[in-house]
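Asks: Numbering-wise, the sequence shown is residues 1 to 163 according to the working numbering.
No lab work stands behind these hints, which were simulated from the structure alone.
A couple of the hints might just be wrong.
Said to hold, decoys possible - Label pairs and their calculated CB-CB ranges: (1) Thr-3 x Arg-86: 18 to 24 Å; (2) Gly-40 x Pro-88: 19 to 25 Å; (3) Arg-23 x Glu-69: 27 to 33 Å; (4) Pro-88 x Gly-8: 22 to 28 Å; (5) Gly-40 x Pro-65: 15 to 21 Å; (6) Asp-7 x Glu-69: 34 to 40 Å; (7) Arg-23 x Ile-56: 30 to 36 Å; (8) Arg-18 x Pro-79: 36 to 42 Å; (9) Ala-157 x Ala-77: 15 to 21 Å.
Ideal Cβ positions, reconstructed from N, Cα and C, are used throughout, including at glycine.
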Amino acid sequence: MATVGPDGVFRFARQRYRAAIGRGGVRAEKVEGDGATPAGFLPLRRVLYRADRVAIPRSVVPREPIAPEDGWCDDPADPAYNRLIRLPHPARHEELWRADGLYDIIGVLGWNDDPPRPGRGSAIFLHVATADFAPTAGCIALALADLRAVLAAGLRAVAVSGG
1 MATVGPDGVF RFARQRYRAA IGRGGVRAEK VEGDGATPAG FLPLRRVLYR
51 ADRVAIPRSV VPREPIAPED GWCDDPADPA YNRLIRLPHP ARHEELWRAD
101 GLYDIIGVLG WNDDPPRPGR GSAIFLHVAT ADFAPTAGCI ALALADLRAV
151 LAAGLRAVAV SGG
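Using the sequences plus the hints, can you model the full thing?
Replies: Structure (structure tokens):
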């Protein structure tokens, strides 16, 4: 299991990696839109990837390619809240098919998903960091090479501390 905290250091398999976390820091009481990374045990549910940009990532969890019509619902009032959706979708959502490459590989982390509770936060991913490791909207982000490395090394969960 990997660990990460407010210091932005992602530790896994005796290695340390630079990580970006939420602009709102780490919070035990995560709410939708607070920009925080939720504190707790976040199992890696599956890995999504852009097959037109990257090779299939090695991983011990299920992997599946995304398509231009894939999105993730982040509207607490919608029945599909915190779920993969097909676009167009009438409720507020994120597009997974991004031009900037941040979602070329997405580790779907198990936060508020079993079952989702409205307003507790959605779309908590492990994804590619910006070049300057700018804070995320609540996700955990690593350099592409580091993300590939931790997935290939058998990542199954991330323990987020400091909330």
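Asks: Between Pro-88 and Gly-8, does the C-beta distance stay in 22 to 28 Å?
Replies: violated, 36 Å
Asks: Could you say whether the range 30 to 36 Å given as a hint is met by the Cβ separation of Arg-23 and Ile-56?
Replies: holds, 31 Å
Asks: Hint says 15 to 21 Å; check whether the CB-CB distance for Ala-157 and Ala-77 agrees.
Replies: Given range 15 to 21 Å: violated, Cβ gap about 30 Å.
Asks: Holds or violated: 27 to 33 Å for the Cβ distance of Arg-23 and Glu-69?
Replies: holds, 28 Å
Asks: At the C-beta level, are Thr-3 and Arg-86 separated by a distance inside 18 to 24 Å?
Replies: For Thr-3 and Arg-86 the Cβ distance comes to about 35 Å; the hint is violated.
Asks: Does the Cβ-Cβ separation between Gly-40 and Pro-65 fall within 15 to 21 Å?
Replies: Violated, since Gly-40 and Pro-65 (Cβ atoms, about 29 Å apart) do not stay within the stated range.
Asks: Per the hint of 19 to 25 Å, is the separation of the Cβ atoms of Gly-40 and Pro-88 within bounds?
Replies: Between Gly-40 and Pro-88, where Cβ atoms are some 33 Å apart, the hint is violated.
Asks: Is the hinted range of 34 to 40 Å satisfied by the C-beta distance from Asp-7 to Glu-69?
Replies: holds, 38 Å
Asks: Are Arg-18 and Pro-79 spaced within 36 to 42 Å by their CB atoms?
Replies: holds, 38 Å
Checked against the numbered hints above, the structure breaks hints 1, 2, 4, 5 and 9 and satisfies the rest.
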